[in-house]
Amino acid sequence: MKRGFTILAFVTAVLLCFALYEALIVAPTEQTMGNVQRIFYYHVPSAWTAFLLFLINFVSSIVYLIRRNTKADILALVTAEVGVVFCTVVLITGPIWARPVWGIWWAPGDIRLTTTLVLWLIYISYLVVRRFSTSGKTPVIAAVVAIFGALDVPLVYFSIWFFRTQHPSPVIGDGGALDPRMAHVLLINWAAFLCLGWLFCWTRYRLEFLKREVEEAQALESLMEVRR
Amino acid sequence: MSFLGITSATLAKDIRLEWRSKDAINAMLFFALLVVVIFSFAFDPTAEESRRIAGGLIWVAFLFAAVVALNQTWARELRNQVLDAYRVSPAPANPLFLAKAFGNFIFVCALEALMTPLFIAFYKLRALGPAWELAPIALLGTWALVVNGTFFAAISLRTRSREIMLPLLLFPVSIPALLGMVNATTSVLSGDEPARFWIALLLAYDVVFTTACLLLFELVLEAE
Chain A
17 MKRGFTILAF
27 VTAVLLCFAL
37 YEALIVAPTE
47 QTMGNVQRIF
57 YYHVPSAWTA
67 FLLFLINFVS
77 SIVYLIRRNT
87 KADILALVTA
97 EVGVVFCTVV
107 LITGPIWARP
117 VWGIWWAPGD
127 IRLTTTLVLW
137 LIYISYLVVR
147 RFSTSGKTPV
157 IAAVVAIFGA
167 LDVPLVYFSI
177 WFFRTQHPSP
187 VIGDGGALDP
197 RMAHVLLINW
207 AAFLCLGWLF
217 CWTRYRLEFL
227 KREVEEAQAL
237 ESLMEVRR
Chain B
543 MSFLGITSAT
553 LAKDIRLEWR
563 SKDAINAMLF
573 FALLVVVIFS
583 FAFDPTAEES
593 RRIAGGLIWV
603 AFLFAAVVAL
613 NQTWARELRN
623 QVLDAYRVSP
633 APANPLFLAK
643 AFGNFIFVCA
653 LEALMTPLFI
663 AFYKLRALGP
673 AWELAPIALL
683 GTWALVVNGT
693 FFAAISLRTR
703 SREIMLPLLL
713 FPVSIPALLG
723 MVNATTSVLS
733 GDEPARFWIA
743 LLLAYDVVFT
753 TACLLLFELV
763 LEAE
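Chains as they are written, first to last, in the numbering used here: chain A, 17 to 244; chain B, 543 to 766.
The reader is advised that the hints may include incorrect statements.
[Said to hold, decoys possible] Label-pair distances were calculated between CB atoms; the ranges are:
1. B:678 <-> A:121: 34 to 42 Å
2. B:586 <-> A:83: 52 to 60 Å
3. A:29 <-> B:732: 21 to 29 Å
4. B:663 <-> A:75: 49 to 57 Å
5. A:121 <-> B:659: 39 to 47 Å
6. A:75 <-> B:736: 50 to 58 Å
7. A:241 <-> B:703: 29 to 37 Å
8. A:29 <-> B:585: 48 to 56 Å
[Said to hold, decoys possible] Just some of the chain B residues that point at chain A, by a computed CB distance under 7 Å:
9. 621
10. 697
11. 710
12. 714
13. 715
14. 717
15. 721
16. 742
17. 743
18. 750
19. 754
20. 758
21. 761
22. 765
Hints were generated in silico from the structure; no laboratory data involved.
Glycine residues also receive a C-beta, built at the ideal position from the N, C-alpha and C atoms.
The shape of chain A in the complex, shown without the other chains (with noise of 0.2 Å):
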């Protein structure tokens, strides 16, 4: 277990490093937009990453309504906090390329725009729910409120998608069109930031799960004080 982590850690800062060297020299200029498009293989991993760590939320919730297993518990947690995390990055990045390219910083009829930060604010209300529930049953409490947010997704991916046939923005300049050097970059990046997910999933993980152990032993110790 301890090894495992080491070589992680390991593993995440070299292909941390490799990433940053390959975004910043080897990936090619973008042509129209110059050297403002690198910022792509920060903001584009953050995404696929946040995106997989709410899914992993999703369905741990669900497992944990079913099961009542502690561990999917924690898991649901840990990934909705680290997923906040590159939720954010996303956010912040974003209009960073926006403001030089687009000419502003926000375009409040973008599908991919709005649908992360209608996201973001859902998973930032499930953490808050969770800290300040007084219930007994928080899990429960906030597994359910994970499936409401995981619900309401693709109801506002629908309804912006709607609005922007009607209204249209810019579209964000990835797709098909990709130089594959640029590509390779990209997916470059994203292990390093699954890899970096990861850590910080395990490192949270085990926090949480000895933080429990020790409410749980002074609990019981507690207890047996009042009995002698």
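Starting from the structure of chain A, add chain B where the hints point.
For chain B alone, kept in the frame of chain A given last:
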């Protein structure tokens, strides 16, 4: 008692309570009135402008006002441990939820019926599209707010500072519904484009979340 029996008994009790105290409806009315007046001072729009912004204004006012009623839904049941009594009784959870949701639906609809003439007067509104479409938009939109609101109000009972918790939970999830209501209303008022898609979106939202609420409410009620 049957499912319908429990629903109607709880609903009748809530309506009688509200009829005698008028707590929720008075607070909602006054709040919505303040929003209308303040916005009309802030913008002072022409007829053309108000057609564009009225959809958003109306629904934001109703959303904020609805939160007032929603917060009282379950708080009322905490006094004298009514909710605990309900929990130990053999009655299933869903009729209680439906009764509460219908009760809120009736209160918010009453609010809308009273406030709409004021909105029309203050903002010089006249619909250029088919005005009858506003009725299904209002009904579906109100249900969308109220069904999730009742559910999240039950969740926020289990948290510290619950009055603040409800909007924090409700608003993010309500964004697609709000988009639907606002755009449908605006397109009816301005008559530019058909509102049909937005009504369909509201319908889909209502179906999805009513189902989810009914499936998951028991878990929330039991989570003490």
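Outcome of the hint check:
1. B:678 <-> A:121: 34 to 42 Å: The hint (34 to 42 Å, Cβ to Cβ) holds, given that residue 678 of chain B and residue 121 of chain A are roughly 37 Å apart.
2. B:586 <-> A:83: 52 to 60 Å: At 59 Å between Cβs, range holds.
3. A:29 <-> B:732: 21 to 29 Å: 57 Å, violated
4. B:663 <-> A:75: 49 to 57 Å: 52 Å, holds
5. A:121 <-> B:659: 39 to 47 Å: Holds: the Cβ-Cβ distance is about 40 Å, inside 39 to 47 Å.
6. A:75 <-> B:736: 50 to 58 Å: 39 Å, violated
7. A:241 <-> B:703: 29 to 37 Å: Holds, at about 32 Å.
8. A:29 <-> B:585: 48 to 56 Å: 55 Å, holds
9. 621: Hint on residue 621 of chain B: violated, closest Cβ of chain A at ~18 Å, above 7 Å.
10. 697: Since chain A brings a Cβ to about 6 Å from residue 697 of chain B, closer than 7 Å, the hint holds.
11. 710: This hint holds: residue 710 of chain B lies near chain A, its Cβ roughly 5 Å from the closest one there, short of 7 Å.
12. 714: The hint holds - residue 714 of chain B has a Cβ within 7 Å of chain A, the shortest such distance being about 4 Å.
13. 715: 5 Å, holds
14. 717: 5 Å, holds
15. 721: 5 Å, holds
16. 742: With a minimum Cβ separation of about 10 Å from chain A (threshold 7 Å), the hint on residue 742 of chain B is violated.
17. 743: 6 Å, holds
18. 750: 6 Å, holds
19. 754: For residue 754 of chain B, the interface hint holds, since the closest Cβ of chain A sits about 6 Å away, which is under 7 Å.
20. 758: 5 Å, holds
21. 761: 5 Å, holds
22. 765: Holds - the Cβ of residue 765 of chain B comes within 7 Å of chain A, reaching about 4 Å at its closest.
In terms of the numbered hints stated before, the structure departs from hints 3, 6, 9 and 16, listed from lowest to highest.
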